[in-house]
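Colleague: The lines below spell out each chain.
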Amino acid sequence: MTRVSTFTTVAQVLVVVGVLAATHRPLGDYVAHVLSAPRHLRVERAGYRLMRVDPDADQRWSTYLLSLLGFSLASVLLLFGLARMQDHLPLDIGMPPMDAPGAWNAAVSFVTNTNWQWYSGETAAGHLLQMTGFTVQNFASAAVGVTVLAALARGFARHEAAGRVGNFWSDLVRTIVRVLLPLAFVAALVLVVGGVIQNLHAHTDLTTLTGGTQTALGGPVASQEAIKELGTNGGGFFNANSAHPFENPTPWTNIFEIILLLLLPFALPRTFGVLVGDRRQGTAIAATMGVLWAGSVALLTWAEMAGPGLVPAAAGGAMEGKETRFGEAASALFAASTTGTSTGAVNAMHDSLTAPGGGVAMVNMLLGEVAPGGVGSGVYGMVVLAVVAVFLAGLMVGRTPEYLGKKLARPEITLVALSVLAMPAVVLVGSALAISLPAGQAGIQEPGAHGISEVVYALASAGNNNGSAFGGLTTGTPFYDTLLGLAMLVGRFVPIALVLALAGRLASARRVPASAGTLPTHTPVFVGLLVTVTLVVVGLTFVPVLSLGPVVESLS
Amino acid sequence: MTATTTRTRPTRPVGTVGLAFWRQSWAGLRVLLVLTVLLGVVYPLMVTGISQVTMRWQAEGSLLTANGGRTTDRSEAVGSALIGQPFDGPSWFQPRPSAAGDGYDTLASAGSNLGPLDRDLLAAVDQRRADLAAADGVAPGALPPDAVTASGSGLDPDISPAYARLQVNRVARERGLSRDEIAALVERQVVGRDLGFLGEPRVNVLRLNLALQTMGS
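So the sequence lines, in the order shown, correspond to chains A and B.
Going by this note's numbering, 347 is the number at position 347 of the first sequence; the sequence numbering is gapless.
Going by this note's numbering, 119 is the number at position 119 of the second sequence; the sequence numbering is gapless.
Do not rely on the hints blindly, as some may be mistaken.
To list a few chain A residues with every Cβ distance to chain B over 12 Å, as calculated [what the hints assert, rightly or not]:
1) Leu-20
2) Thr-23
3) Arg-39
4) His-88
5) Gly-398
6) Glu-402
7) Leu-437
8) Thr-477
9) Leu-529
10) Phe-542
The following label-pair restraints were derived from C-beta to C-beta distances [claimed, not checked]:
11) B:Val-53 - A:Ala-22: 29 to 35 Å
12) B:Gly-68 - A:Pro-90: 35 to 41 Å
13) A:Val-10 - B:Gly-141: 24 to 30 Å
14) B:Pro-140 - A:Arg-280: 55 to 61 Å
15) B:Arg-173 - A:Val-291: 55 to 61 Å
16) B:Pro-90 - A:His-203: 26 to 32 Å
Covered stretches of chain B, going by a simulated chain A footprint (3 or more residues, C-beta under 8 Å) [claimed, not checked]:
17) 74-82
18) 121-127
FYI, nobody ran anything at the bench for these hints, they're computed from the structure.
Every residue gets a Cβ at the ideal spot worked out from N, C-alpha and C, and that includes glycine.
Make the full structure from the sequences, and use the hints.
Modeller: Given below as structure tokens:
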């Protein structure tokens with residue numbers, strides 16, 4: 001029997017593609033319906049009365065943003081408090097409180113949909129913190145991404161609407177109650193069928209077959225695992241994340257989890273298309289994402305199966321950091337999908353990927369999480385790039401650019417440019433700080449090119465709200481907890497604020513009918529332009545630092 | 001503000017924005033508390049309840065007893081079918097190298113996180129290859145990759161069929177059993193790819209050793 005099979009490698013990818021092809025339209029249409037239906041559900045109305053918020057006020061973009069920021073601030077504070085006081089709460093299963101820098105990092109991490117983890121779940125997080133802290137933010141942070149997408153779509157669709165972009169509370173609650181919760185509920189039960197655990201026991205000892213002692217783990221894992229993938233969050237219940245057999249027990253749960261984490265990112269372009277009144281625009285965005293995702297899957301799969309490098313050559317295959325049940329192919333598919341979405345869950349240790357494989361994972365994040373990106377954030381990130389592409393095309397032919405019926409003048413382009421620049425600024429300045437300061441150098445496990453890769457990967461992961469890591473970097477220190485926490489905040493909320501400001505400006509503007517001179521943005525030509533713009537923006541920004549890290553490694 | 005003035009940009013002093021932000025944060029806290037009850041308490045407890053009633057064995061951790069049966073009682077379990085464990089001595093089939101604590105420590109799930117060019121890892125792989133080849137009496141080149149590398153979780157319950165077959169000679173010799181019997185036992189424990197194409201073929205080491213123990217007694 002050959003160890004590596006081309007047929008099964010391709011078949012696994014085709015199953016994922018097939019499911020996404022079948023689901024993205026109905027799911028995208030459904031989410032669009034949820035975001036635009038006039039009526040509230042009875043349970044939602046009861047909730048709004050309890051929360052004492054008005055779900056029907058049509059908010060200006062600035063109010064919408066303040067609601068979003070206020071909700072996120074409350075989330076950080078509550079999560080910080082839960083982590084600091086978990087030993088005084090029920091179901092703590094003996095876990096100590098987190099220290100202040102660690103609690104701050106964990107709180108920011110889950111609220112920004114990053115789910116970077118400096119701690120090991122099995123020794124640092126009690127069940128109540130996992131349930132009422134991390135699981136709740138897995139839902140909430142994903143829903144916040146959808147709210148920004150909804151506001152931006154309304155900005156394009158509305159005509160002279162005085163900057164009004166909808167209601168944050170209603171968008172948030174509907175996304176959770178009608179989309180995320182039902183899907184997560186079903187997915188959690190499916191995962192239990194495969195062997196993901198779901199109980200409230202503490203970790204206690206059992207006696208092994210040969211008389212040794214091993215700790216039997218407990219916890220409400222399936223309920224968290226489901227939304228961890230579905231919400232493109234990625235924070236593992238245990239340290240080993242989706243490589244852990246209790247999070248991802250079988251090859252079929254593995255493919256199921258890959259589908260879960262790609263499900264909404266590939267359906268939401270359709271939602272955007274429906275909301276702006278032109279489904280073809282959603283298709284073009286999804287096609288761009290699909291091209292980039294497929295390219296990264298192909299490259300990463302090739303890298304892991306070819307197994308270049310000293311260690312894979314000596315071992316006969318790139319199996320360091322990979323599970324037997326998944327093998328190289330299913331691990332590469334997961335790695336490309338988790339870094340292409342902003343998930344950051346891992347079913348194999350990315351620090352031990354081959355040099356080109358780890359490089360592809362890094363580039364996937366540095367694209368700005370748009371291939372296909374996180375829930376909601378992938379679409380608004382790609383729309384921002386689409387505006388850049390339209391602007392560039394407009395420069396070439398000397399016309400005022402317009403996109404989806406709205407003229408793009410200097411203020412709009414300024415907002416978009418700032419949004420595109422925020423993440424690279426954070427990643428590059430943060431990496432430079434970490435590499436030049438002693439406190440940053442102290443965390444590096446392997447000196448030289450791989451050490452640079454470890455640092456850049458961490459900043460890229462935090463700045464893009466991905467959350468996966470080259471685990472060799474020791475980050476549970478006040479320096480990295482603070483630096484990465486700041487990178488996550490800036491990487492998340494600066495683009496959100498700019499995108500909402502853009503949505504407000506667009507909503508105020510008049511819709512202009514398409515003319516003969518309008519650049520069509522639903523054609524394969526535009527998809528090609530958008531792919532190019534995405535790659536060129538990254539290329540120009542990150543080539544120097546990538547050359548010092550993964551490129552040097554690949555060549556040595 | 002009346003509807004006719006909404007088109008002009010309202011000029012608000014900074015203090016007003018600050019006040020508005022705190023009002024929104026207070027609202028955010030109220031919304032968050034309601035969501036926490038729904039998503040952090042009701043949802044996980046409902047999933048727990050349904051799982052415990054309909055799929056109790058899986059929900060409790062897929063525990064196995066010494067005679068290979070299913071159990072949900074940790075005191076009569078010898079381990080989980082999904083979690084690798086160490087087996088002392090050459091008479092047992094051996095799992096993969098593990099980077100979880102001192103090996104298969106469930107409170108320290110982890111990979112080595114060593115990179116593809118790491119010299120220490122390279123030395124460790126070469127050492128494992130030499131040691132295993134000597135112990136199993138096979139050519140060093142015959143060992144498959146999973147035998148000389150640590151898994152991602154450090155708790156990998158499986159080895160490749162190739163690695164299981166390589167250990168047959170040693171286990172048969174140590175136990176004084178026939179090589180063919182042990183080889184047949186291994187073949188019965190080989191699990192193919194899920195649905196024929198998902199993941200990789202594998203052998204669960206705990207199940208294999210449980211079957212081995214039953215055969216010997």
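Colleague: Hints the structure violates: just list their numbers, smallest first.
Modeller: Hint check: nothing fails, all pass.
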